[in-house]
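We have chain A; now place chains B and C onto it with these hints.
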Amino acid sequence: MEALGSLILAKYNYWAVIALLLIGLYAMITKKNLVKKIIGMNIFQTAIILFYVSIGSKKGATIPIITHGHGDASHAVHSVEYINPLPHVLMLTAIVVSVATLGVALALAMKVYSQYGTLEEDEIREKIMESEPV
Amino acid sequence: MRALGLATVFCFGAILFYISFDFPGWGDENSPASQHVSPYYIEHTMDDTSVPNIVTAILADYRGYDTLFETAVIFSAGLACFFLLRIPERQAPPARFYRHLATGITFRIEKGGRLPEDTDEFERIDSVWVPYDVIIGMTCRLVVPFIQLFALYVIAHGHHSPGGGFQGGVIFGAAIILFAISNNLRRTLKRMSEKTSALLGSLGVLIYAGTGILCMVLGAGFLNYSALASLLGVDPVSARSHGILIVEIGVGIAVTAVMVWIYYNLSSAGRQDEGL
Amino acid sequence: MIWPLDIIILTIVIICGIAAISIKDLLGAAIMFGAYSFMMCLLWSVMGAVDVAFTEASVGAGVSTVFFVAAVFRTTRRTRD
Chain A
1 MEALGSLILA KYNYWAVIAL LLIGLYAMIT KKNLVKKIIG MNIFQTAIIL FYVSIGSKKG
61 ATIPIITHGH GDASHAVHSV EYINPLPHVL MLTAIVVSVA TLGVALALAM KVYSQYGTLE
121 EDEIREKIME SEPV
Chain B
135 MRALGLATVF CFGAILFYIS FDFPGWGDEN SPASQHVSPY YIEHTMDDTS VPNIVTAILA
195 DYRGYDTLFE TAVIFSAGLA CFFLLRIPER QAPPARFYRH LATGITFRIE KGGRLPEDTD
255 EFERIDSVWV PYDVIIGMTC RLVVPFIQLF ALYVIAHGHH SPGGGFQGGV IFGAAIILFA
315 ISNNLRRTLK RMSEKTSALL GSLGVLIYAG TGILCMVLGA GFLNYSALAS LLGVDPVSAR
375 SHGILIVEIG VGIAVTAVMV WIYYNLSSAG RQDEGL
Chain C
411 MIWPLDIIIL TIVIICGIAA ISIKDLLGAA IMFGAYSFMM CLLWSVMGAV DVAFTEASVG
471 AGVSTVFFVA AVFRTTRRTR D
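Residue numbers (my numbering), protein chains in the order written: chain A, 1 to 134; chain B, 135 to 410; chain C, 411 to 491.
Pulled out of the complex, with its shape left as it was, chain A reads as follows (with noise of 0.2 Å):
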């Protein structure tokens, strides 16, 4: 029982981060309105962000940020007393590459409800069957 018990403490956080990624694919799947597509894959960028820094946390870490880094104050620092800053520095550009690529689809949805006039996805496939029938 005890055995269980710091088996799911250990792992919860990534079972979260799965089931973060099951309702973006999901959604980026079978959701047919492209909105609702682009947000399912923010859910999904932003799980995979989250993957990261779970990895890159430590028990018993501060924050990344060295304390009396400078004076007399100062020591030397070790390794164990600060969070691994290695995956927030990836994620922090990913996040601000996320909101680009946002940027980008959204810009791509208002293009294609300029030239059909929606945005659900088997309304914008019936109208392009009716301009070119095959």
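Simulated from the structure, these hints should not be mistaken for lab results. Keep in mind that this is a model prediction, so the values were computed, not measured. Ideal placement from N, C-alpha and C gives every residue a C-beta, glycine not left out. Incorrect hints may appear among the rest.
[To be verified] Now the stretches of chain B that chain A is said to cover, found in silico as 3 or more residues with beta-carbon under 8 Å:
no.: 1; segment: 163-172
no.: 2; segment: 180-192
no.: 3; segment: 383-396
Frame of chain A; chains B and C shown alone:
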């Protein structure tokens, strides 16, 4: 289709759930991710760059290439939005709306009609115009300068606290977007035109890449800021700290301009005559 | 890391995510996605990733929501799923 999607999602979830038992426990300090590169960064950042915020130091110095091309990606996203959405001025909308300021009467002028001259008597308004709200207008006018000041603080203080070029740039862009929402898009375009934002976006990337090339000219590797020591008149370690600041300013300018540029195109569907 | 707090925020994040993809109104979905981003930002600051949390608060919850609202305003709020 729905059933097929659900089946795919469940298969994917089962595989991930099975794999999750092989991951190191959450918060494990001996996990492989914390073993190889990151201890070097944590222990040597202070001696190498004298920047207490390790994230800023890695972002702009150790992994400078990465951030340079991320900035380039953001700029190209702004360009992509421009090419996708922008509609030239000459394809004018079918009708324009003007309001006579003294009487409050609104006019609808059809395409080809005579437009009022650029006087103080008439004001061009949006097609879904709502009367000017005093509370929203005054609050935003008071808040915008403080948001901009905070953005500059975030960029400048990124060495010692959370923050840096990306966050500060986005906050500065958000301040301009707030001005555009609370007033209107045309007034914002008069203050920061589309051409200005495009030029500022490329200027930001140019500052970043130019700093790297300047380091090469001074005899060190690309983006090795310690070469700037002779130019700035400080020791090599402080030069790296100053180099990070220069690069962060470039990133901030680029991100600000691109966020505003994407907003201009998205909110007006490319016409850039009336926004939200 | 405080695990009870962590589990509560994770639950809210998952609920917000499900709500964002199931609301039958695109403007509501955009606002729900903003709430999702804010909860995610809170989660990261609890986990000690302050820089990432700051970026998410300004980018994900601020500018992303504005972009979504702008796009929905220029297209349509209607959705069938």
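#### Entry: Violating hint indices (sorted, rising)
Checked against the structure, no hint fails, so every one of them is satisfied.
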